[in-house]
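Work from the hints to combine the two standalone chains into their complex.
Protein sequence lines, in the order shown, are assigned to chains W and Z.
Residue 2 is where the first sequence starts when you use this note's numbering, and the numbers rise one by one after that.
Residue 5 is where the second sequence starts when you use this note's numbering, and the numbers rise one by one after that.
Accuracy of the hints is not assured; some may be wrong.
As the list claims (entries may be wrong) - Pulled a few chain W residues facing chain Z out of the computed Cβ check, cut under 10 Å:
hint : residue
1    : G10
2    : S17
3    : E21
4    : T50
5    : E80
Stated by the list, open to error - Restricting the straight-line Cα-Cα distance to at most 25 Å, the calculated cross-link-like pairs of lysine-lysine (DSS-like) are:
hint : chain 1 : residue 1 : chain 2 : residue 2
6    : Z       : K121      : Z       : K59
7    : Z       : K46       : Z       : K232
8    : Z       : K9        : Z       : K21
9    : Z       : K98       : W       : K83
10   : W       : K83       : Z       : K21
11   : Z       : K74       : W       : K83
12   : Z       : K121      : Z       : K180
13   : Z       : K144      : Z       : K21
14   : W       : K83       : Z       : K121
15   : Z       : K74       : Z       : K46
16   : Z       : K80       : Z       : K98
17   : Z       : K21       : Z       : K59
18   : Z       : K46       : Z       : K121
19   : Z       : K59       : Z       : K144
20   : Z       : K144      : W       : K83
Think of the hints as simulated: they come from the structure by calculation, not from any bench.
Ideal Cβ positions, reconstructed from N, Cα and C, are used throughout, including at glycine.
The residues making up each chain are set out below.
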Amino acid sequence: MIVRILGEGQLEVPESMHAELNQLDVALESAVDADDEASYRSALTALLTRVREVGSPTDADDLRPSELIVPQEDATIDEVRKLLTDEGLIPG
Amino acid sequence: MGVMKRVTMVFRAKANKALDRMEDPRETLDYSYQTQLELLQKVRRGVADVATSRKRVELQINQLQQQMDKYNRQAKDSLAAGREDLAREALTRKAGVQTQLDDLRTQYESLQAEEEKLSQASQRLQAKVDAFRTRKETIKATYTAAEAQTRINEAFSGISEEMGDVGLAIQRAEDKTAQMRARAGALDELMASGALDDMVGGPHDDIQAELDRMGAGHGVDHELEQMKAELAQNAPRQIANSAAGSTDGDSAQSATAVPPGAVPAGDATQAGDQE
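Bound-form chain Z, shown alone (with noise of 0.2 Å):
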């Protein structure tokens, strides 16, 4: 008979036992028009069931999003200070963490997804709702008995078809976000305990850690070097102004206003006479 056929028995079957449960098909009519408003109500909360996991599931690829950018800093940071060994470590970390974000992504997607089609779905069935509930004014003021049980019957099956599909797109909306609950719950944890670290590698931030031990001496190295080359860009400018016939106390200003050991290479005699 083929599975569209068959299918679409099953849906008429389910809709004929609702029929054949009210006496009245005036009943039957406001019966209906109460489990769609109710269904209605249920896949809006739906679509903002779904909507909440995405927020969450976004919420969680920035966290990891950032717990990247860490391990990159730390990796460039460790590279700067000659560590290579720890370099290594955070990129192998940052990997583990890329896994964990691709699998997210890829379920953000399929909850846009099902957010999307659940949001139709409702507007489907919005729309069949409210055309039902004309309809069903009309039958029920032109009611002749036998007219008005074809024409129920008609509004009926056409409605309950649509409300078969949008109760199944609700169940298979409903499984999914449970089950991305169920993960992002399990990843929160995760990522509250500091056991990501621990899964992708080593303890939570010994790398840090490390680097913060090597880091004092390395910041300020590295601050001062920086000093160092803007101040040489600068110098050879101030030098041009004290050439061009600058008094004695402005040099001096000048020397001042460098930070002690940023030397601009134009002055290092200078400045190695002040130290």
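Just chain W, same shape as in the assembly (with noise of 0.2 Å):
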């Protein structure tokens, strides 16, 4: 599957990486959810640096949409509050 981290571009990772993917990408959830600026801070830290241990850049001109968006490390926990909503962050 193709991941993409805002700001940098996109990843191949392996599928069998799903499931834990999935999970710290639920321990960022829960943060963004409490407002918790420390956990959120981690996990999202957690989350890029595993995304990029497994991937692996795809070509510049693959035009394959991602099936994961994971927020550039530096976001702030309200710039992914608004990358949550429709009317946010994403221009267009």
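Next up, the structure:
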């Protein structure tokens, strides 16, 4: 599957990683919901680290859409919350 | 559901909304391609904007560095003139400028990182836009409505996701450069008005004024000392030459070459006689 890290590009990640990434993602989501800055930061870092570890960058001219999109490393909890809403950060 | 999935769905929804606006799929392709080209222009402008801001910060860093050097020089001159109070004042101001400088350097690095990110985003988008153009022509050439719609949707959601991402990156860069410009503008004004000096202590360049006031005498003394030292180094050789049988004319010549007051240690008696 393809995972995008915002601001960095797309990575091809083995399907087998799905469950593990999901777990990390759930932790991230509850940190965002709880507005817990410390656990948000560590959850996001853990998720990004794992995606980078197991993923390999796709070709730049690959037009396939991503199955999962991860916020960028320095995204604030507030920015992530806006990313989750339709009228949020994403232009267009 | 998880953050990743939800963010993806928002991206997907944006793409679908754009797709739905078009009646003819081929129209979608051409329209999207236009939008992509515009975005490419925008991201390139973004890179240029960040570069401009970065250069401005670079310039300010240089100016502040010069100011630090100046305070350093003043501190040394003050100490040499036995004015520890002035030296302390100069060093205090230097510390104030140092804080500004550290802050600017941090910002400089963050701008550099932003520039790098945007320029990479621009390259990625360029590659995808090129791929999209090829895909678009192929789809149009083999156009059969149902099949084309699927392929258009595929190509479109890929490029639209990239555009969303690049759009975000541009927004972030714009925000950062806007903040940076405001700060740079404020600092420029501070430096121009001399208020930076005020801020880190005392009115503009009173240290220099004080140094200059004492400086006239001090500078001459300093230069004299240097000349004496130089002559003292040369003197033994000249004496050795005279001792090796040079004429009276020669020694007179070497004596007149010595500036008045700068007395080579070995020639003290002779110079004293001349004066």
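Interface hint status, G10/W versus chain Z (Cβ within 10 Å) | holds, 6 Å
So, T50/W near chain Z? Judge it on the closest CB pair being under 10 Å.
-> The hint is violated - T50/W has no Cβ within 10 Å of chain Z, the shortest such distance being about 14 Å.
Given the hinted pair K83/W and K121/Z, is their alpha-carbon gap at most 25 Å?
-> holds, 22 Å
Keeping to a limit of 25 Å between CA atoms, is the pair of K121/Z and K180/Z held or broken?
-> Holds, at roughly 13 Å.
Does S17/W pass the interface check with chain Z, least Cβ-Cβ distance below 10 Å?
-> This hint is violated: S17/W lies away from chain Z, its Cβ roughly 16 Å from the closest one there, beyond 10 Å.
Quickly compare the C-alpha distance for K121/Z and K59/Z to 25 Å and report which way the hint goes.
-> With a Cα-Cα distance of about 17 Å, the restraint between K121/Z and K59/Z holds, given a limit of 25 Å.
Could you grab the alpha-carbon distance between K59/Z and K144/Z and see if it respects the 25 Å cut-off?
-> violated, 45 Å
Under 10 Å, Cβ to Cβ, is where E21/W needs to be relative to chain Z, so tell me if that hint holds or is violated.
-> Where the cut-off is 10 Å and the nearest Cβ of chain Z is about 12 Å from E21/W, the hint is violated.
Within a Cα-Cα threshold of 25 Å, do K98/Z and K83/W meet the stated pairing?
-> The given pair, whose Cα atoms are some 44 Å apart, is violated under the 25 Å limit.
Are the Cα positions of K144/Z and K21/Z separated by 25 Å at most?
-> Since the Cα atoms of K144/Z and K21/Z sit roughly 21 Å apart, the hinted pair holds (cutoff 25 Å).
Taking only the CA atoms, is the gap from K46/Z to K121/Z under or equal to 25 Å?
-> Holds - the C-alpha atoms of K121/Z and K46/Z are around 14 Å apart, at most 25 Å.
Does the structure keep K74/Z and K83/W at a Cα separation of 25 Å or less?
-> Distance ~48 Å between K74/Z and K83/W Cα, so the pair is violated.
Going down the numbered hints, you'll see the structure goes against 2, 3, 4, 7, 9, 11, 15, 17, 19 and 20, while the others check out.
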